[in-house]
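Trainee: Single-letter residue listing:
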Amino acid sequence: MKNFEYAAPRTEQDALALLSPRRDEVALLAGGTDLIPLMKKMILTPRRVVNLKNISTMRGVQRLSDFIVLGAVTPLDELADSPHLEPFPAVRQVIANLGSMQMQCQMTLGGELCRRPQCWYFRNGYGLLAQNGRLVEQGDNRYHAILGNEGPAKFVSASRLAPPLIALGAQVRVLGPEPDQQRWLPLEQLYRIPRSEEQRELTLLPNQMITHVRLPVESARWANASYEIKHGAGPQAPLATASVAVRMDSAGMVQQVRVVMGHVAPVPWPSPEAEQALRGQVITPEVAEQAGAAAVAAATPLSENQYKVQLAKTAVKRALLLAAGLETGGL
Amino acid sequence: MVKLDWPKHGEAALLGKRHSRIDGVAKASGAAKYAYDIVEENMVLARALGCPHAHCRIKSIDVSPALKVPGVVAAEALKKPGDEIQWQGDLVAVVAGETEGAVAEGLAAIKVQYEILDVFVKDDDLEAAQKAGRTRRAGQSTKLERDIPEDVEDEEEWEEKELQRLFDQCDVVVEGEYGIPVITHMCLEPHGSTCVWEGDKLIAHLSTQNVSGTPGQFAGPLGIPVTDVTVHCDFIGGGFGSKFAADVWGVAAARLAKKLGRPVQLMLDRDLELKNAGTRPSGFIKVKVGADRNGVVKVWDSHHWGTYGIGGGVVSQGVIPYVFDPPNRRRRATGIRVNAAPGRAWRAPNHPQGAVLSQCAYDDIARALGIDSMEVFIRNLPTVSNGKADVYREQIEIAAKLMDWKAKWHPHGKGPREGSVVTGLGMALHTWGGAAHNSTAELKIHPDGAVEIFLGSQDLGTGTRTVIALVVAETLGLYPDQVRVNIGWSTYPRSGPSGGSTTVGGVSESSRRAATAALNQLLQKVAPKLGVPAERLVARDGRIVDAQNPETSISWKQACSLLGMEPIVAKGEYRRGRTKTNLSSSQVAGVQMAEVAVDLETGVVKMKKFVAVQDMGLIINRKTAESQVLGGVIMGIAYALFEERILDPQTGAFLNAELSDYSLPRLGDVGEIVVHLYEPPEEYERGVVGLGEPPVISPGAAISNAVCNATGVRVPRLPLTPKRVLDALARAQKG
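Which chain is which? The protein sequence lines are B and D, in order. For the first sequence, my numbering gives the first residue as 2, with consecutive numbering after it. For the second sequence, my numbering gives the first residue as 227, with consecutive numbering after it.
It is worth saying that the hints were derived from the structure and are not from the lab. On a predicted model such as this, the values are computed, not experimentally measured, just so you know. Honestly, I wouldn't trust all of these hints.
Estimated spans, in silico, between C-beta atoms of each pair [to be verified]:
# : chain 1 : residue 1 : chain 2 : residue 2 : range
1 : D       : 644       : B       : 15        : 25 to 31 Å
2 : D       : 324       : B       : 21        : 43 to 49 Å
3 : B       : 234       : D       : 911       : 42 to 48 Å
4 : B       : 294       : D       : 899       : 36 to 42 Å
Derived pair list, reagent style DMTMM-like, types lysine to aspartate or glutamate, alpha-carbon separation capped at 20 Å [stated by the list, open to error]:
#  : chain 1 : residue 1 : chain 2 : residue 2
5  : B       : 42        : D       : 495
6  : D       : 512       : D       : 403
7  : B       : 231       : D       : 895
8  : B       : 3         : D       : 326
9  : D       : 755       : D       : 777
10 : B       : 231       : D       : 415
11 : B       : 41        : D       : 777
12 : D       : 348       : B       : 138
13 : D       : 484       : D       : 266
14 : B       : 41        : D       : 266
15 : B       : 54        : B       : 15
16 : B       : 41        : D       : 350
17 : B       : 41        : D       : 495
18 : B       : 42        : D       : 884
19 : D       : 832       : B       : 15
20 : B       : 42        : D       : 887
21 : D       : 960       : B       : 15
22 : B       : 41        : D       : 403
23 : D       : 832       : D       : 777
24 : B       : 231       : D       : 326
25 : D       : 512       : D       : 324
Selected chain B positions facing chain D (Cβ under 7 Å, derived; list incomplete) [stated by the list, open to error]:
#  : residue
26 : 4
27 : 7
28 : 8
29 : 79
30 : 193
31 : 196
32 : 232
33 : 233
34 : 311
35 : 315
36 : 326
37 : 327
Glycine is no exception: its CB is placed at the ideal position from the N, C-alpha and C atoms.
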């Protein structure tokens with residue numbers, strides 16, 4: 002790790018003032034579970050590290066009239082324990098599934114959403130796109146993208162909380178670059194598939210930061226669930242995940258539905274195809290299976306990750322069954 | 227006079243019972259100091275720079291920019307222009323500094339120019355290796371029942387025909403490909419040392435399995451007499467066969483410390499640890515096996531390959547086929563040179579690979595015939611090569627009961643299916659030597675009754691300290707906590723390196739001998755006092771007792787007070803092959819059975835139950851013996867389901883050289899493990915046999931066989947990840 006200047010502001014405005022328009026000059030620190038390893042490997046060598054954890058306005062869970070607002074530096078175990086999160090098993094399941102108590106307590110919501118890709122080419126210093134995608138394409142891509150991978154970006158989006166939050170209609174508050182600039186973005190708009198090494202997987206400018214996430218109160222009435230397919234009980238990234246949020250009528254007929262897959266594409270991957278297959282249906286094992294198949298119909302697996310198509314399909318199916326209160330089967 | 231032999235079966239006061247480790251509290255509380263924990267006054271930190279390329283030549287190297295970084299106090303190149311580098315992470319320089327940050331910046335400042343050379347890392351791909359000129363013949367041997375007729379000119383051709391003839395006579399012939407990749411040792415404490423000079427004398431606090439054997443490895447390269455080097459290791463955070471040497475980084479730390487006149491700590495970073503400090507060689511095999519209708523193997527023909535790294539060795543032919551030695555067999559081996567660090571001994575060198583490469587094929591015979599795998603293993607027992615057929619038979623019976631094998635068994639792929647989940651059983655068996663290594667112990671009985679023993683041995687975490695305390699306490703009729711055990715310093719009497727399951731035999735030999743000799747001296751002093759001949763005296767329950775008249779006795783403390791001013795000092799020495807002994811022997815068997823569940827939709831394999839039945843001669847500490855087997859099984863589950871070194875096929879980069887990317891199981895992944903220590907009286911009579919390696923050998927084969935039994939499909943290569951399982955299922959479906 003290179004030496005750096007360290008700042009621990011107490012307000013959002015002070016933090017914003019410490020950012021720089023130049024990329025990678027300043028790093029934001031929350032739980033540090035992602036930043037510290039990247040700095041140790043010198044993948045990131047910021048001149049300044051700004052610790053956000055002392056900013057009290059960015060911590061905790063609040064219920065307002067239309068929204069439940071989650072502070073970006075709230076540790077995940079606090080989120081999981083919050084009574085306001087009770088109607089959102091899709092979120093709580095993912096936190097419980099992290100597989101490490103230390104990670105649950107240390108990781109924060111904002112840090113998790115901004116986690117850099119786990120792509121081992123990126124983590125070994127070959128760049129986010131690993132020589133314009135060539136290294137991944139011709140190399141070991143067993144954990145890489147099966148969707149949205151036509152461009153040079155082959156990594157998978159690392160956030161495990163983004164899929165459930167997007168499915169639930171979450172928005173994210175972006176502050177900056179000017180002190181008085183703030184807006185609420187739909188969470189999916191935080192992510193993008195970079196086309197060049199200069200772009201990043203987030204749409205944030207270097208001198209912007211996220212401070213809060215909010216969930217519409219209305220979404221608490223939607224049945225929701227996440228299903229993550231993992232290799233082992235440890236804290237490693239899942240192989241494929243799916244989160245669903247469904248509004249059903251009294252007969253169990255699907256009125257509205259969001260299906261978002263994780264770890265299958267460079268961004269959290271909503272599946273309008275699966276949603277289409279579900280609308281107007283009652284969720285049964287057969288319907289869930291069809292939705293899963295629809296979700297991966299357009300998959301373009303790489304040389305070593307064909308198996309992930311099957312995993313993504315199964316994740317969608319099982320998330321739907323879970324949300325509908327049916328047996329998911331499996332291990 | 228007390229006899230050297232162990233107490234008769236059933237008569238030992240301490241041996242064979244359950245004892246907690248004497249250093250358990252120190253370890254659990256953090257008081258135990260590992261090499262990484264040694265902090266000396268005025269110490270500087272050093273770290274190494276790893277080469278980013280897997281194959282290159284150094285054009286130039288300049289460490290001087292590192293010295294300009296504030297806080298850096300020394301920088302040294304370990305390579306020079308013209309040197310060829312054969313693996314990513316090979317150490318090119320070291321930097322010492324006041325803080326971790328300074329050292330990191332110093333390392334980053336070093337200027338090296340490399341000329342990139344061609345990379346080859348595909349150790350599983352024999353054809354590609356041949357094309358790349360990276361193969362090396364590693365032997366071939368054939369054993370046939372029929373003698374070659376004298377008039378045969380081309381022996382190889384005759385053998386080929388004879389094998390064909392034998393295969394034609396078989397009721398079933400199975401052809402298979404199996405594989406087990408390179409894995410790392412993944413010691414929780416990386417390799418390294420803290421080096422301190424006192425004048426011209428070096429003290430190296432080294433994380434090592436080889437306290438007595440490493441001083442010379444420092445002395446040689448440093449150009450100083452071995453008498454000027456002391457190596458110290460009280461606790462080690464994992465070695466598994468990778469920590470026998472001082473290594474270049476150990477010598478570099480000593481050199482920096484000398485140059486700076488300050489203590490230097492140099493531990494490898496995690497990625498350099500994985501890239502340099504130890505891997506287990508891979509093995510891949512193409513095999514054809516023929517058997518009769520009962521599954522008894524008549525003929526075996528195989529070619530295996532794999533890599534030890536750049537040296538190009540391969541899993542020894544001697545373990546193919548493993549344990550079983552059918553009447554006819556031909557085996558060939560080819561080593562592949564890849565751009566990776568040389569392999570190191572990994573717990574039971576060659577055996578885990580041998581088990582996977584052989585016993586998966588034996589299980590596939592059962593699959594082809596549709597008969598119970600256990601029956602096939604039993605029917606082939608007459609061909610085991612270590613003469614332990616009867617032991618295996620009894621162990622299989624015990625394991626089967628513990629697993630409830632008969633009730634759970636179903637033919638491969640034909641079990642009940644619950645949703646997408648199927649379950650299956652698999653087994654494997656193993657063998658190991660485990661003979662005692664050379665060991666010398668010095669024991670002192672002080673006039674105040676205190677007892678201490680000195681050995682230049684080490685405790686790998688297996689409970690060696692406790693074993694020594696138990697042996698001495700048993701011999702002297704004391705409690706283990708009355709014995710001060712001193713190990714971990716090379717200044718103590720020489721004891722062997724802890725590898726190959728040799729330590730428990732070695733240290734119990736020397737400790738028993740030293741304690742017996744010391745006790746006999748004490749009894750000579752006590753005899754006149756009690757008016758009983760020394761021959762009739764025994765030590766038990768903290769007293770010296772007349773065996774014929776137990777009323778006549780004297781307490782341990784009183785007995786020792788008879789020594790006057792001089793302690794008793796006695797030596798115990800054991801030399802393998804030279805010392806006649808009834809205390810230890812060698813050769814174990816061992817049977818393991820696995821029960822797994824497989825999710826056919828996700829390829830996830832989950833351990834349900836694992837049974838390990840293990841002999842080890844005489845058991846000294848039942849508790850740590852069980853722990854040893856549990857640890858071996860968990861390590862086996864790790865390589866069966868999770869572990870693998872992944873090298874980028876193009877750059878040769880070690881892609882998963884961090885704990886975050888290198889898959890390992892967690893407690894939730896290991897399932898129920900049942901350990902049965904097999905110790906009928908005949909085993910006790912054999913004396914002590916090492917236990918470190920045996921339990922880690924069979925899990926790969928047993929678990930692979932269980933997955934095959936569950937799914938009906940052979941997943942040819944470990945680890946059995948969701949990807950490999952789903953890929954195998956998809957291939958099977960396509961036919």
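Trainee: All hints are to be evaluated individually against the structure, with a verdict given for each.
Mentor: Against the structure, the hints:
no. : hint                         : result
1   : 644(D) to 15(B): 25 to 31 Å  : violated, 58 Å
2   : 324(D) to 21(B): 43 to 49 Å  : violated, 29 Å
3   : 234(B) to 911(D): 42 to 48 Å : holds, 43 Å
4   : 294(B) to 899(D): 36 to 42 Å : holds, 39 Å
5   : 42(B) to 495(D)              : holds, 10 Å
6   : 512(D) to 403(D)             : holds, 5 Å
7   : 231(B) to 895(D)             : holds, 11 Å
8   : 3(B) to 326(D)               : holds, 9 Å
9   : 755(D) to 777(D)             : holds, 14 Å
10  : 231(B) to 415(D)             : violated, 27 Å
11  : 41(B) to 777(D)              : violated, 70 Å
12  : 348(D) to 138(B)             : holds, 17 Å
13  : 484(D) to 266(D)             : holds, 15 Å
14  : 41(B) to 266(D)              : violated, 24 Å
15  : 54(B) to 15(B)               : holds, 13 Å
16  : 41(B) to 350(D)              : violated, 33 Å
17  : 41(B) to 495(D)              : holds, 10 Å
18  : 42(B) to 884(D)              : holds, 10 Å
19  : 832(D) to 15(B)              : violated, 50 Å
20  : 42(B) to 887(D)              : holds, 14 Å
21  : 960(D) to 15(B)              : violated, 62 Å
22  : 41(B) to 403(D)              : violated, 41 Å
23  : 832(D) to 777(D)             : violated, 61 Å
24  : 231(B) to 326(D)             : violated, 35 Å
25  : 512(D) to 324(D)             : violated, 54 Å
26  : 4                            : holds, 4 Å
27  : 7                            : violated, 11 Å
28  : 8                            : violated, 17 Å
29  : 79                           : violated, 24 Å
30  : 193                          : violated, 25 Å
31  : 196                          : violated, 23 Å
32  : 232                          : holds, 6 Å
33  : 233                          : holds, 5 Å
34  : 311                          : holds, 6 Å
35  : 315                          : holds, 5 Å
36  : 326                          : violated, 16 Å
37  : 327                          : violated, 11 Å
In the structure shown, a violation is registered for the earlier hints numbered 1, 2, 10, 11, 14, 16, 19, 21, 22, 23, 24, 25, 27, 28, 29, 30, 31, 36 and 37, in ascending order.
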